[in-house]
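Given next are the chains, with one letter for each unit.
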Amino acid sequence: MITFENVTKTYKHTTVALRDVSLDIDKGEFVFLIGASGSGKTTFIRLLLREEIPDKGKIWEAGRDIVHLPKWRVPYLRRNIGCVFQDFRLLPNKTVFENVAFALEVIGRPHHVVQTQVPQILDLVGLAKKRDSLPGELSGGEQQRVAIARAFVNRPLILLADEPTGNLDPATSQGIMQLLDRINRTGTTVVVATHDEVLVNWMRRRVVELDHGTLVRDQARGVYGIDSGPSDIEDGVEGGVA
Amino acid sequence: MPVSAQYVARETASNLWRNRLMTVAAVMTVAVSLSLVGAALLLKQGAAQAEGEWQRGTQVVVWMQPTASSAEVRAIGTQLKTLSYVDQPCVYRNHAFDYAEAKRLLGQVYIEAGVTAAQTPTSWRCIPVHPQDATAVIAKFSGQPGVIQVTAPLQQIRSEENVINILQIVFVVVAVVLLISASVLILNTIRMAIFARRREVSVMKLVGATNWFIRLPFMTEGMIQGLIGSGVAATLVYVLHVLLNNAGNPVSHPGSLLAQMRMSGWAVFGTDAVVVLVGVCVGTLGSAIAIRRFLDV
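For the protein sequence lines, the chains are A and B, in the order given. In this text, residue positions in the first sequence follow the numbering used here: the first is 1, and each later residue adds one. In this text, residue positions in the second sequence follow the numbering used here: the first is 1, and each later residue adds one.
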């Protein structure tokens with residue numbers, strides 16, 4: 001589903017954000033991308049969204065080379081990728097329903113489809129009763145649920161989450177992770193960039209660790225810190241490292 | 001994917017209402033700036049009108065010998081008829097007319113000089129298409145059989161033309177400078193309005209909106225703001241026109257510059273059309289330009 005092949009990205013020709021990263025993520029996988037601040041997690045997400053272009057290397061998403069994708073095709077690429085951020089990025093003047101419906105209107109879905117799909121997705125994230133509220137009237141956890149609903153309403157192939165629980169308390173964070181897990185079970189590939197140790201250890205999913213832009217660990221059912229579990233880099237057990 | 005007109009109309013209406021303070025600021029900027037542009041254009045048009053008025057009063061007179069034969073008078077008349085640079089027909093004034101005119105203009109002096117009607121020269125009177133064509137008439141007819149002299153107020157024409165030309169250039173330069181500053185001011189106001197909504201634009205990009213999908217409601221908004229603002233400006237220009245026309249009343253101020261600058265309502269329609277067109281174009285294109293930098297994500 002996602003392939004990074006010797007990808008290097010530098011900013012202003014001096015700061016190396018990613019260094020020769022090679023990685024495969026299969027369809028339907030749930031992957032944690034971990035590392036300290038400045039390790040390259042956000043650059044990884046931005047490259048997948050084609051907000052950035054690598055200096056070297058190739059990136060494929062759903063079999064498509066996105067590095068050489070013409071600029072006018074980028075919006076169509078993004079329609080297959082749901083995206084969730086730490087700061088939610090909701091439109092403050094639109095209601096919950098309108099925020100979610102917006103993602104469908106943008107891609108030209110007819111009115112009746114919008115009216116059917118949005119209530120379904122709001123039901124999935126547990127916000128059916130808050131459809132007419134404005135984001136400012138919701139808690140942080142509820143706002144993040146709206147953001148997830150908006151990201152998933154198109155049924156994208158990939159869902160990217162950049163520090164989705166960064167602004168949330170532990171209990172709410174667990175709820176968000178459970179929601180992402182439910183989405184993953186529908187076959188959507190989920191990539192979560194985080195440094196929430198508790199959640200990573202609790203979920204026990206594939207962990208890809210970056211350190212100063214270098215991929216240092218790729219471990220199935222991993223934890224936040226290095227443990228004795230199987231690592232693909234060390235063992236070549238499954239998945240990713242090319 | 002084509003952008004639906006219903007979506008554009010809905011988004012435009014809701015954005016205009018939601019950002020009404022910015023909308024009012026943009027409309028007022030357009031109105032004030034384009035009023036100044038329109039006023040300068042109106043004055044330029046008035047100066048051109050005054051020039052036309054003066055030109056209509058410019059006359060070339062071919063004075064005939066009092067003793068000139070009818071054949072000589074007719075010959076000059078025939079030649080004048082063939083000229084393309086004078087308005088046709090030229091008018092022939094006989095002894096009696098010129099005598100009466102001389103008496104009216106010169107009064108007692110002319111009567112005391114003892115000149116009779118028969119001794120007063122007759123004349124052909126023509127209005128050149130352009131005042132400067134008077135020189136060609138003078139050159140052609142001076143010295144012809146039966147002609148005493150050919151006269152035209154050349155010096156006066158030259159000074160009037162210079163004044164009018166300078167006035168017109170000044171008004172055009174003022175209009176162009178105002179137009180440029182108005183465009184920059186309007187563009188900046190629209191940019192500020194869009195800058196305040198850059199987050200909204202980034203969310204649209206994030207969920208896969210095409211550039212046209214984002215751009216069209218903003219452009220429609222800019223067009224409506226430009227239309228309302230320039231509508232106000234066009235009204236103000238028309239009010240200025242009415243005020244100038246009243247100030248230059250030919251009955252109370254005969255011969256004044258303002259009286260000669262008087263124009264019909266239809267003549268102002270052209271200036272108003274330019275003002276509205278500029279308002280709509282600057283609003284629409286300004287929005288398209290202002291949003292460009294936020295689309296490159």
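Honestly, the hints are just simulated from the structure, not real lab data. Be careful, since some hints might not be right.
[To be verified] Ranges of calculated distance between the beta carbons of each label pair, as one might list FRET restraints: (1) A:8 with B:202: 40 to 50 angstroms; (2) A:202 with B:21: 40 to 50 angstroms; (3) A:204 with B:24: 49 to 59 angstroms; (4) B:212 with A:185: 35 to 45 angstroms; (5) B:202 with A:28: 42 to 52 angstroms; (6) B:296 with A:129: 52 to 62 angstroms; (7) B:9 with A:80: 48 to 58 angstroms; (8) B:198 with A:112: 31 to 41 angstroms; (9) B:24 with A:201: 34 to 44 angstroms; (10) A:80 with B:296: 13 to 23 angstroms; (11) A:225 with B:24: 18 to 28 angstroms; (12) A:14 with B:212: 47 to 57 angstroms; (13) A:8 with B:296: 17 to 27 angstroms; (14) B:25 with A:28: 46 to 56 angstroms.
Even for Gly, the Cβ is constructed at its ideal location relative to N, Cα and C.
Out of the numbered hints, which ones does the structure contradict?
Those not satisfied are hints 1, 5, 6, 7, 9, 11, 12.
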